[in-house]
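There are 2 protein chains.
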Amino acid sequence: MAAAAAACRLLRLAPRRLRNPRHSLFRTPLALSSGWRRYCAAAATPTGDAVGEFRRRIRVAEVKGGEDQGAAWVGKELTVRGWVRTCRAQRTVTFVEVNDGSCLSNMQCVLTPETEGYGQIDSINTGASVLVEGVVASSQGVKQKVELKVSKIIVIGESDPTSFPIQKKRASREFLRTVAHLRPRTNTFGAVARVRNALAYATHKFFQDSGFIWVSSPIITASDCEGAGEQFYVTTLLSNSAEGGCLVNSIPSKDGRVDWSQDFFCKPAFLTVSGQLNGETYASALSDIYTFGPTFRAENSNTSRHLAEFWMIEPELAFADLNDDMACASAYLQYVVKYILENCKEDMDFFDTWVEKGIIDRLNNVAEKNFVQMSYSDAIKLLIGSNKKFEFPVKWGLDLQSEHERYITEVAFGGSPVIIRDYPKEIKAFYMRQNDDGKTVAAMDLLVPRVGELIGGSQREERLDYLEARLDESNLNKDSYWWYLDLRRYGSVPHAGFGLGFERLVQFATGIDNIRDAIPFPRVPGSAEF
Amino acid sequence: MAAAAAACRLLRLAPRRLRNPRHSLFRTPLALSSGWRRYCAAAATPTGDAVGEFRRRIRVAEVKGGEDQGAAWVGKELTVRGWVRTCRAQRTVTFVEVNDGSCLSNMQCVLTPETEGYGQIDSINTGASVLVEGVVASSQGVKQKVELKVSKIIVIGESDPTSFPIQKKRASREFLRTVAHLRPRTNTFGAVARVRNALAYATHKFFQDSGFIWVSSPIITASDCEGAGEQFYVTTLLSNSAEGGCLVNSIPSKDGRVDWSQDFFCKPAFLTVSGQLNGETYASALSDIYTFGPTFRAENSNTSRHLAEFWMIEPELAFADLNDDMACASAYLQYVVKYILENCKEDMDFFDTWVEKGIIDRLNNVAEKNFVQMSYSDAIKLLIGSNKKFEFPVKWGLDLQSEHERYITEVAFGGSPVIIRDYPKEIKAFYMRQNDDGKTVAAMDLLVPRVGELIGGSQREERLDYLEARLDESNLNKDSYWWYLDLRRYGSVPHAGFGLGFERLVQFATGIDNIRDAIPFPRVPGSAEF
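In the order they appear, the protein sequences are chains A and B.
So in the working numbering the end of the first sequence lands on 530, straight run, no missing numbers.
So in the working numbering the end of the second sequence lands on 530, straight run, no missing numbers.
Pairs of lysine to any residue, SDA-like flavour, derived with a Cα cap of 25 Å: (1) B:Lys205 - A:Gly211; (2) A:Lys478 - B:Val179; (3) B:Lys169 - B:Glu346; (4) B:Lys478 - A:Phe175; (5) B:Lys478 - B:Phe430; (6) A:Lys267 - B:Val179; (7) B:Lys267 - A:Asn514; (8) A:Lys254 - B:Gln262; (9) A:Lys267 - B:Glu174.
Since the hints were made in silico from the structure, they are not lab data.
Owing to the predicted nature of the structure, the values given are computational and were not obtained by experimental measurement.
Could you build the full structure based on these sequences and the hints that come with them?
Here's what the structure looks like:
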């Protein structure tokens with residue numbers, strides 16, 4: 001059997017001409033295999049056909065993305081597959097802008113009546129998908145260094161110009177949310193998708209290179225730890241199978257109350273609001289970990305800063321204190337900002353021109369300036385000393401509001417990120433480590449210009465007796481936290497971590513105003529379409 | 001202000017001795033900043049203190065993980081922070097095995113009565129956390145090349161030997177699931193966590209290097225597309241706030257039926273079972289994308305192969321046919337398998353010895369053999385021709401069962417992965433592209449030894465009329481799919497993709513029998529603890 005397979009391998013075809021598109025896309029699926037079968041038919045045992053090599057396709061980004069903007073490609077043959085952005089017919093030539101999503105730049109394709117497939121010119125409308133073959137040439141245009149002299153065009157999928165929702169003229173972001181399945185075909189949302197992707201990959205690279213282990217914290221939780229205030233229930237008790245909807249009296253109940261013992265998890269279950277507590281369990285074994293997954297808030301906030309479903313990054317460092325935590329948060333933020341400035345130049349230029357003027361300077365500031373830190377108490381003094389009129393009161397013991405945070409980072413520190421640390425314990429979570437003054441906890445918030453708080457973190461209370469006292473003070477049920485307390489019973493270590501809302505980071509990095517435009521399919525009160 | 005900050009920067013301390021642990025961990029949080037404040041006090045504007053550099057700590061993996069197993073470290077000072085695995089007192093010396101989670105290997109620490117902190121010897125129990133300082137020395141033991149001659153030990157967190165649930169003796173996997181917060185401190189679960197992490201990172205690397213964009217498909221969906229059969233409801237209508245639980249008659253209703261208009265999303269909402277349809281929208285704009293996120297099944301399956309919550313990887317390739325899809329799936333699987341064989345050697349040796357004998361050979365087979373493909377029709381012939389007695393019938397038109405799949409890959413192809421393609425359309429999903437024979441669709445399943453189906457994929461039906469006909473045939477409501485159909489109305493392209501259950505991959509790569517041990521906190525019927 002193995003011998004037969006080896007014999008078949010010897011008969012393998014010459015390497016597929018990988019850069020020739022006709023080979024991979026438009027061949028008949030079975031064409032390759034039938035030849036094979038003929039050779040192998042004599043074998044006594046089943047052989048099967050070889051699986052081909054993974055296609056390596058040249059994308060527009062690879063041609064135009066380099067320093068020379070494609071000059072090295074002049075004279076070479078190229079095939080581009082993508083979607084038509086615009087089509088301008090002139091007297092002798094027609095210019096078709098084709099985008100393949102790999103970068104913001106289109107490939108300008110020049111058609112003449114001699115071009116094979118020119119007869120389909122009426123189908124070359126905005127939104128149509130095409131395959132164009134030709135030779136790269138220097139362009140006379142000011143917008144690009146190179147263009148494609150097209151020898152052949154195939155319209156793959158048409159796009160009716162009278163109904164295609166995204167025409168050339170600029171559509172509003174509000175409208176585009178109603179066609180979220182098509183909006184990545186616009187410049188703005190294509191750029192957001194690429195920068196979002198780069199931020200995610202840079203996140204993994206940063207933590208992996210620093211020896212952190214990615215841990216998937218659970219999404220569904222029946223643990224009572226999180227407090228059910230703003231949580232979604234996850235249930236199988238509601239069934240829409242009855243004609244016209246879910247009959248209330250078909251919901252399993254006992255003494256007039258929902259009978260959770262009949263639910264999927266045999267008790268109430270929720271969508272997680274944070275993976276931190278679970279993350280701490282793995283940090284207490286593997287030293288440094290991070291989570292990167294979706295989290296949820298059933299908060300009825302119809303604002304430009306809130307989503308019901310968003311992605312969170314939550315690293316947790318063992319054998320670490322608040323200083324280590326602040327240093328990690330700063331290094332992380334600088335790393336991902338540098339990463340997109342270096343790897344998403346074209347998209348960032350686009351945001352700088354069309355979305356937020358000066359964003360590149362703002363991000364360069366973050367990438368290069370030393371971050372500063374100050375205590376909450378000093379921040380209160382600073383705000384009081386500023387003599388500025390704020391809407392919300394400034395007083396030791398009250399939380400900082402967005403206007404205060406932005407004043408500190410934008411005005412007082414002139415655009416530098418600032419970390420505020422050591423907050424009053426009354427305004428912070430029970431798990432934060434109490435400082436020696438008995439009044440404050442080792443919490444920190446990282447503030448950035450324009451967005452305000454981007455990262456929130458703390459050293460965790462690793463002392464069992466302190467933690468139990470805080471649970472009592474907070475009227476929380478210690479029994480629910482048995483496993484969390486176990487981490488303090490068995491080999492407890494000083495540890496610290498932080499949380500970062502990924503869509504806030506995307507907003508910060510792109511200048512996009514509304515958080516609903518920072519995630520492909522936003523979920524907000526009243527809407528979970530697509 | 002900027003000048004003041006610059007002046008402060010000039011006064012900055014000499015670089016912290018990064019490898020000296022006492023600096024980063026046990027300093028008083030404010031010690032560093034008070035010196036600063038003195039220098040900056042004269043500045044007119046707020047300055048804050050500098051955030052320190054991110055700690056770079058030497059982990060055991062860095063010392064012992066190299067080719068020389070630590071020989072180059074002999075004579076050097078080293079500090080290790082971790083958890084005690086065992087403590088063996090001999091007449092003159094005490095051996096303490098310390099693990100920091102960075103690798104399977106412990107650091108063998110040798111204590112004598114002269115060691116500073118030796119008085120705490122009674123607290124050095126399994127599970128305790130310690131900091132040990134000393135000098136690396138050649139070891140006489142057969143198990144390791146180097147050990148640490150300890151000059152100082154600090155017990156950071158004790159661990160009561162009478163109650164710590166994970167003692168040295170081997171605990172059953174069933175028991176360890178009840179202490180999922182502590183099980184990563186065992187060899188097996190530490191290794192699973194590291195290999196799982198490596199598989200996840202290799203996944204990102206493979207797709208990023210191939211030009212794919214990571215897209216986060218939504219978790220909550222109110223789209224009717226997915227069919228609510230085995231979906232979890234996501235709701236805010238159930239409130240546990242009433243004394244004793246959720247009163248059924250407090251659930252908003254209308255004419256005896258649940259009033260969805262009062263729910264958070266104003267209609268029934270579910271947890272996603274797949275990100276594919278959403279992924280297709282982004283592939284139709286950015287060309288190649290992949291999702292990597294949690295998906296859910298409310299299936300009442302208490303088996304070793306099913307989870308209610310699991311992670312899925314779903315790439316989608318534009319301008320691609322089934323051959324491209326198979327090639328991508330094969331290249332992907334070979335890449336991640338090679339990655340862990342190269343980067344997780346020690347953990348893989350552990351699995352080979354203790355979990356599944358021969359797993360490294362099995363994986364080498366997958367990494368090196370050419371994958372083969374055959375049609376479903378040929379597979380049926382093969383099974384019938386085998387004259388083997390199967391429990392389930394073999395007949396064209398019936399789906400392949402696990403026993404058939406394993407026979408094909410394990411017996412007929414002697415351990416090679418096999419792709420079966422072109423299944424009867426009746427047993428496959430509506431969105432799969434119909435082949436020219438009118439009877440089959442361009443679907444493919446990738447089968448691997450031991451696990452059976454690991455990957456399932458297809459070319460998608462890109463022709464509007466065919467897709468609408470299939471929706472009708474399947475009694476699905478076309479209106480619900482308006483946006484999915486739009487992709488075929490506007491610039492439709494041939495495209496294909498596949499789905500991979502990440503925990504199945506972890507099982508396949510580690511030999512772990514039960515899928516509940518392949519994810520940190522498994523969710524199954526009746527249990528969503530921690």
